[in-house]
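> In case you want the letters, here they are:
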Amino acid sequence: MSKLKIMTVCGFGLGSSMVLKMNLEGVMKDLNMEADIFTGDVGSAQSTPADYIFTSKELGEKLKESVSAPVVIINSFVNKAEIKEKAEEAIVRK
Amino acid sequence: MREEIIKQEHIITGIQVANWEEAIQASGDLLIKSGAVSTEYVKQMIQSVKDNGPYIVIGPGIAMAHARPSEAVRENAISLAVLKEAVSFGHEENDPVDLVFSFSAKEADSHLKMMESLSRVLIDEQKVEQLRQAKTAKEIYQLL
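Going down the list, the protein sequences come from chains E and A. Here the first sequence stands for residues 1 to 94, where the numbers follow full-length UniProt numbering. Here the second sequence stands for residues 1 to 144, where the numbers follow full-length UniProt numbering.
So that you can see chain E by itself, here it is in the shape it has in the complex (with noise of 0.2 Å):
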């Protein structure tokens, strides 16, 4: 299997969504799953592929009327466990 490509999604790509990139990277590892992990902003998540996209609330209602791959969102990007939480259900029980 390809490893995932998984996008974390902020305003500008660079601020929150890198805390996200960060913290996702460390439940991913936890999880013992391979995955390239990438940030960007919200115009590039609609021309970039990936398996998933993990972002705020507000910016996924938005992503989610116009990407096709998932959307999962994350309310606190510095809580660990509902990242994993999240991460879980989306990737690994789908």
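If you're looking for bench data, these hints aren't it; they were derived computationally from the structure. There's no promise every hint is true.
Here are some chain E residues the structure puts well away from chain A; computed CB gaps all over 12 Å [claimed, not checked]:
no.: 1; residue: K3
no.: 2; residue: C10
no.: 3; residue: M22
no.: 4; residue: M28
no.: 5; residue: N32
no.: 6; residue: M33
no.: 7; residue: A35
no.: 8; residue: D41
no.: 9; residue: S47
no.: 10; residue: K64
no.: 11; residue: E65
no.: 12; residue: V67
no.: 13; residue: A69
no.: 14; residue: V78
no.: 15; residue: A90
30 Å max Cα-Cα, derived DSBU-like pairs, lysine-lysine [to be verified]:
no.: 16; chain 1: E; residue 1: K62; chain 2: A; residue 2: K43
no.: 17; chain 1: A; residue 1: K127; chain 2: A; residue 2: K113
no.: 18; chain 1: E; residue 1: K80; chain 2: A; residue 2: K113
no.: 19; chain 1: E; residue 1: K29; chain 2: A; residue 2: K113
no.: 20; chain 1: E; residue 1: K80; chain 2: E; residue 2: K3
no.: 21; chain 1: A; residue 1: K127; chain 2: E; residue 2: K80
no.: 22; chain 1: A; residue 1: K113; chain 2: E; residue 2: K5
no.: 23; chain 1: A; residue 1: K106; chain 2: E; residue 2: K5
no.: 24; chain 1: E; residue 1: K80; chain 2: A; residue 2: K50
no.: 25; chain 1: E; residue 1: K3; chain 2: A; residue 2: K113
no.: 26; chain 1: E; residue 1: K80; chain 2: E; residue 2: K57
no.: 27; chain 1: A; residue 1: K7; chain 2: E; residue 2: K80
no.: 28; chain 1: E; residue 1: K86; chain 2: A; residue 2: K43
no.: 29; chain 1: E; residue 1: K62; chain 2: A; residue 2: K106
no.: 30; chain 1: E; residue 1: K84; chain 2: A; residue 2: K113
no.: 31; chain 1: E; residue 1: K62; chain 2: E; residue 2: K3
no.: 32; chain 1: E; residue 1: K86; chain 2: E; residue 2: K62
no.: 33; chain 1: E; residue 1: K64; chain 2: A; residue 2: K50
Cβ atoms here follow ideal geometry from the backbone N, Cα and C, with glycine treated the same way.
Chain A: place on chain E using the hints.
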């Protein structure tokens, strides 16, 4: 030498503000004062929240304001204003906010190390609580 995430001059504690705009201004002022960014940059950080909504509130009580890398940035930096009383940013889950970080990046990838270190701090609930309880900039500087 340990690479520092944040300079002591970029930290302020016990500050009182009326709303989220003043909160970002207070945090951004620290970067202006040291010359890391221009006043324009702080205006852009505030405008970004008006345009894109309060998604910069990345966790319970934690906001991370920033704008795009531009000529308004002279230095990669992070600042932190710890508010005396938390204010609303209009975020459904994570309001009210009392830890207001601002950061500036000269280029899109020049601040990665800084962000990585900061992420490691913010995911640690105990450390975040210590930041909230800290009385002085020096205490926070030593925590980080």
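> A separate judgement is required for each hint: does it hold in the structure or not?
These are the hints, each one checked on the structure:
no.	hint	result
1	K3	holds (20 Å)
2	C10	violated (6 Å)
3	M22	violated (4 Å)
4	M28	holds (14 Å)
5	N32	holds (19 Å)
6	M33	holds (19 Å)
7	A35	holds (17 Å)
8	D41	violated (9 Å)
9	S47	holds (17 Å)
10	K64	holds (15 Å)
11	E65	holds (16 Å)
12	V67	holds (17 Å)
13	A69	holds (19 Å)
14	V78	violated (4 Å)
15	A90	holds (18 Å)
16	K62/E to K43/A	holds (25 Å)
17	K127/A to K113/A	holds (19 Å)
18	K80/E to K113/A	holds (20 Å)
19	K29/E to K113/A	holds (19 Å)
20	K80/E to K3/E	holds (22 Å)
21	K127/A to K80/E	holds (14 Å)
22	K113/A to K5/E	holds (22 Å)
23	K106/A to K5/E	holds (27 Å)
24	K80/E to K50/A	holds (28 Å)
25	K3/E to K113/A	holds (24 Å)
26	K80/E to K57/E	holds (17 Å)
27	K7/A to K80/E	holds (27 Å)
28	K86/E to K43/A	violated (35 Å)
29	K62/E to K106/A	holds (28 Å)
30	K84/E to K113/A	holds (23 Å)
31	K62/E to K3/E	holds (27 Å)
32	K86/E to K62/E	holds (19 Å)
33	K64/E to K50/A	holds (21 Å)
The structure shown violates the earlier hints numbered 2, 3, 8, 14 and 28.
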